[in-house]
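Peer 1: Residue numbers (this note's numbering), protein chains in the order written: chain U, 50 to 564; chain E, 2 to 497; chain F, 59 to 241.
Simulated from the structure, these hints should not be mistaken for lab results. There may be inaccurate statements among the hints.
[To be verified] In silico DSS-like pairs for lysine-lysine, Cα to Cα no more than 30 angstroms straight-line:
1) U/K217 with U/K417
2) E/K363 with E/K159
3) E/K362 with U/K217
4) E/K170 with E/K362
5) U/K80 with U/K217
6) E/K363 with U/K217
7) U/K433 with U/K417
8) U/K433 with U/K80
9) E/K170 with E/K159
10) E/K159 with E/K362
11) U/K433 with U/K222
12) E/K159 with U/K80
13) F/K151 with E/K170
14) E/K170 with U/K80
[Said to hold, decoys possible] Some, not all, of what chain U presents toward chain E, calculated at C-beta under 7 angstroms:
15) D125
16) I199
17) L202
18) G213
19) K217
20) Y218
21) L236
22) L239
23) L269
24) L271
25) I519
26) A520
Ideal Cβ placement from N, Cα and C applies to all residues, glycine included.
Chain by chain, the residues run as shown.
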Amino acid sequence: MQATGFDAWAVSLVVFLPLLGALVMLAVPSKEEETHKLIALVSSLGALAAGIYILVQFDYDNTSELQFLVDKSWIDVINSRFIVGVDGLSLPMLILSLVVVPLCIVYSWQHIPEPGNPKAFLMLILVLATGMNGTFVSHDLILFFVFFEIVLLPMYFMIGVWGGPERKYASLKFFLFTLFGSALMILSFLALFFVAEDPSGTALNTFDMRALSQWAGAGLSLTTAVVIFGGMFMGFGIKVPMFPFHTWLPDAHTQAPTVGSVILAAVLLKLGTYGFIRIALPILPRAAEQWAPWIGLLAVIGIIYGALGCLAQTDMKRLIAFSSVAHMGYVMLGISTLTTLGINAAVFGMVAHGLITGILFFVAGSVKERYHTLEIARLGGLLKAAPRMGWILGFATMASLGLPGLAGFWGEFPAILAAYQPAPALSEELFRVYMVIAALGTVLAAGYLLWLYQRTAFGEPTEEFADLEIADVNQYEWLAWTPFLLAILAFGVYPNLIFSLTDDTVGNIVSAFGG
Amino acid sequence: MELAMLAFERPAIDWHAFAPELVLLAVGSILTLIDIVYNERARRVMPALAAVGLLATLVPVLTLAVDGADRSMFDGAFVVDDMALTLKALFLISGFVVVLLSVDYIRDGDYHENEYYSLLLASLLGMVLIASSRDLITMFIALELLSIPAYMLAAWRKGGATSNEAGLKYYLMGVFASAIMLYGMSLIFGVSGSTQFDAIRVALDTGGDSAPMVTLGILFVLVGFGFKVSAVPFHTWAPDVYEGSPTPITAFLAVAAKAAGFVALLQLVFVAFSGRYDVVEPFFWIMAALTMTVGNLMALRQTNIVRMLAYSGVAQGGFMLAPFAVAGQATDSAIQAIVTYLIIYAFMNLGAFAVVLAVAKKTRSGEISSYAGLFSYAPGLAVAMTVFMAALAGIPPAGGWVAKLLVWRALLDASSVQGTVLAVVVAFNAVLAFSYYAKVLREMWMSDAPDGDTSPVSVSGTLTLALGLTVLATLAFGVFPQLAARFGDFSASFAL
Amino acid sequence: MVDTIVFVICAVICLTGAIGVIAARNPVHSALMLVMTLFGIAVLFIAQEAHFLAAVQVIVYAGAIVVLFLFVIMLLGVDVATDLELGKLRGQKTAAAGFAVVALAVVGYLIVNVDTTRTGVQSQGGVIDNVTPNVDLLAESLFDQYVYAFELTSVLLVVAVIGAVVLSRRHPPLDTDSAEASN
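Construct all of the structure, not just a fragment, from the sequences and the given hints.
Peer 2: Structure follows, in structure tokens:
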């Protein structure tokens with residue numbers, strides 16, 4: 050049912066308010082930096098306000114139903130429509146993205162990285178916001194693709210202009226990897242357009258995800274379905290990133306400015322996993338069953354590889370980046386089980402990882418700003434030098450290694466548990482092996498995170514920085530970080546906040562796998 | 002002999018259908034006359050007159066579009082339908098932008114200014130005509146009418162050796178292509194007994210016994226056009242010609258002249274040769290795959306922006322050729338993809354050349370490295386260039402993605418193995434292409450200005466207008482793809 | 059039978075002339091070879107009963123155009139063999155030869171495989187009925203079906219003349235006044 054009145058505008062506001070802000074900023078001369086910051090903050094808060102309106106008005110008894118639905122004609126010639134709406138699966142991701150952006154803008158108030166130019170920097174964040182929010186609400190494949198791609202250029206510039214010394218290489222690598230994936234993904238989308246047909250045999254010729262999910266690959270030969278799924282796997286898998294395609298991530302993260310890393314970790318990576326759950330699984334369930342063991346395999350390789358990678362790192366930011374590879378491995382493992390538990394855990398893991406890695410990158414950024422280095426060997430005694438920041442880092446590492454009571458636990462544990470009993474079509478033995486490996490991964494995770502914390506926070510500050518006056522957390526940082534910390538705690542204590550939202554939608558998806 | 006036998010009846014002429022050509026011809030003649038009478042004193046008004054003339058030509062195009070009726074004259078040699086009108090408008094608007102680009106360049110350089118605009122209009126007349134011709138002879142004459150002024154315009158920078166080389170090379174290659182094409186046309190005429198596309202189609206459908214001869218004729222014609230649209234392996238002239246010509250002419254050749262080649266191909270393939278897709282499809286499959294791959298690989302190695310754009314144009318041509326490879330399997334989608342691509346390509350590429358012109362005014366260089374730090378001293382130009390590069394690379398929301406999407410759609414619509422494989426080839430090339438567009442982005446945004454010279458670039462009014470027009474169009478096509486795509490929906494024009 | 063003999067003789071003449079145009083080292087010889095080719099074609103026209111075209115071919119091409127060529131060659135003084143530098147690209151000749159062989163093979167294959175080639179079907183524009191003279195038919199074609207292309211050709215020629223004049227003018231006038239003064 051289409052929304053009416055203000056409801057019909059709510060989702061569009063969420064998506065396009067940031068873009069509007071960016072356009073307004075275009076007209077303001079770049080000298081007026083304060084005005085720019087204000088416009089950016091106001092427009093992102095405006096989007097958040099609309100998001101909160103959605104959160105309040107959302108019908109929690111029908112979480113699997115698409116609410117605030119708008120369905121308007123867009124590209125008639127290819128029968129692609131402007132379909133946006135929110136259900137239990139998109140809502141947590143949307144809110145995550147809506148919260149992260151204004152917090153990043155607050156953080157940027159005092160931390161515009163070299164070479165400055167807040168106007169351009171903030172405009173890019175706003176364009177990113179539009180792309181991210183749009184991806185989470187669109188229910189038309191072409192619309193999804195457009196939003197999915199819109200984030201590329203701003204992120205490319207953010208890394209390339211405001212990044213570290215290797216920024217040119219890292220930004221291009223990021224771009225080419227993702228572009229390659231999305232080129233194959235759009236081919237798959239187009240293929241779906243042509244192969245989908247209704248039970249009577251007439252072609253559907255639609256990009257509407259709802260209709261395609263309903264069709265769910267009926268009557269399609271398995272080989273074709275597997276190939277089409279493969280295209281989507283490349284698109285989403287590179288974005289996640291999954292094991293063999295992950296190499297762009299450490300480079301991008303290490304070189305990106307703090308805010309860029311935070312947005313990349315908190316939201317951008319989730320576009321890939323979200324795509325799997327929203328598009329790939331429901332539309333081609335039979336192919337998903339064929340792919341699932343391989344996805345699971347790559348996921349556990351990612352978990353172990355990421356963990357070992359972490360142990361080898363000497364740079365704090367690079368370590369956090371590798372830990373992302375491992376954590377996203379748990380998410381993908383959850384998805385590959387094709388069970389309610391696994392996919393719920395995956396969604397939870399996406400949110401949790403977004404929050405935890407987000408705060409880790411924030412702290413890393415602030416450490417870098419104070420010490421001008423992130424080399425773990427040269428750091429130390431953070432608890433002495435800046436106790437509050439030290440405690441926050443401790444809190445975040447604990448959450449990241451999956452301490453029960455904090456958000457990280459609910460993303461990892463159920464995912465591992467789900468691998469014990471995967472969907473009926475999948476090999477139980479295989480997934481139990483995966484389960485064991487993944488469980489080993491958590492031990493490694495505890496190892497590298499605690500080691501990181503020990504080396505950076507404990508002990509005395511190194512001689513190099515012994516006399517340096519290290520400022521503790523300032524007000525902008527408090528403002529930007531507190532919501533993260535609170536959310537990590539809240540979701541950790543009461544995970545049902547998210548599980549209750551996603552459960553029905555996930556249940557619908559999983560019903561195709563007999564789970 | 003009796004006179005009665007010679008009684009000559011004037012062929013029926015629909016003056017309204019002819020109006021765009023007549024207006025353009027009139028403007029061109031007026032320009033030439035003014036040049037003769039006032040000589041150098043007329044220099045100032047020439048560009049304005051040419052621009053106004055082009056806009057005036059759009060008026061009858063619009064009235065014909067509003068009228069909506071399909072018109073046909075001379076036994077179908079001259080046809081006015083939706084597609085012809087759309088393409089005419091495209092040529093005229095491209096021509097208008099080229100005039101805008103030319104104003105400063107030609108005035109400030111040491112050029113013959115008056116004749117420049119007359120010849121430009123003459124070339125555009127050829128293009129406008131080609132959109133309507135459905136007859137081998139008419140098409141050939143229109144093609145020559147657009148080419149011959151273009152040969153001369155390429156050599157317009159008479160002092161420069163590169164420009165002379167450009168003109169001569171373009172001329173020789175063009176004549177060579179024409180000769181091959183003519184030979185192919187004569188073979189087809191020999192078999193079909195008619196120069197008219199519809200009659201050729203009917204004759205080729207039934208003329209099975211001389212199929213090899215037809216195949217040869219078709220191949221020769223297509224190879225000839227391969228030269229015109231600079232498809233690999235017939236592309237070798239393009240980079241030298243593009244680099245040597247005056248930059249506005251380069252834009253004109255890369256956009257309008259190439260589009261004209263494609264328009265001719267559209268009519269030949271989908272009307273005249275529509276019975277022989279068995280020849281056409283594999284030919285274009287190979288040519289498209291080669292063109293985009295070689296074009297991209299060569300573009301990667303360029304350090305000069307104009308040469309880079311030249312090779313990128315070759316590669317883009319490959320993307321446009323790709324739908325021809327499924328001409329028979331997915332006719333409607335293929336036509337739509339090609340026409341939409343032409344429309345969007347015209348704007349994004351003209352825009353890129355506009356930025357090149359604007360920047361060259363300050364840096365006096367065509368090296369990509371001279372774009373270093375552009376964002377720091379000319380943010381407007383840098384953002385505009387970013388839009389065009391993103392569009393050419395096919396990144397939403399800039400327009401190019403729609404064009405690529407439709408190409409992919411056409412290829413997959415064929416639901417054949419060849420189509421799917423070519424679609425994957427296109428996908429690989431789309432990614433490959435970004436690496437050299439990124440080179441420009443990187444210089445503009447991420448490098449420091451050479452010698453710390455951050456004095457602003459002065460952009461003239463006409464260039465600003467051209468930039469504004471092209472940026473707006475490029476973005477509008479990307480956000481509201483229906484705008485461009487609806488003009489490509491010509492299933493009716495080719496209802497066979 | 060006669061037709062075939064005439065055709066073969068003419069074809070040999072045409073091709074010899076064409077090769078001669080390229081092969082001759084002296085431009086004057088090239089021009090004369092061209093005349094030979096054009097004459098061969100004129101004879102072929104006659105064989106097709108296109109007498110008027112044959113006459114035009116001889117008068118305009120062989121007569122006027124080649125004479126113009128010769129004028130230019132003599133006036134510019136390039137009537138001696140100039141050593142054109144060739145073969146700068148490595149492997150170019152080999153590649154060209156290879157390509158030529160392939161092309162010839164394709165053409166040859168097509169010709170051999172054609173049992174009933176039907177070229178030279180009577181044109182629809184001017185069907186020869188042995189009653190109406192050639193000239194009349196040609197005129198009717200030109201001014202009826204092809205009037206449009208015919209008129210275009212005139213535009214084309216004018217444009218070509220304008221362009222040629224501009225390109226061959228020696229100096230673009232730098233300064234309006236001085237340019238006019240010197241005239």
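Peer 1: Broken hints, numbered, in rising order?
Peer 2: 8, 11, 12, 14, 18, 20, 23, 24, 25, 26
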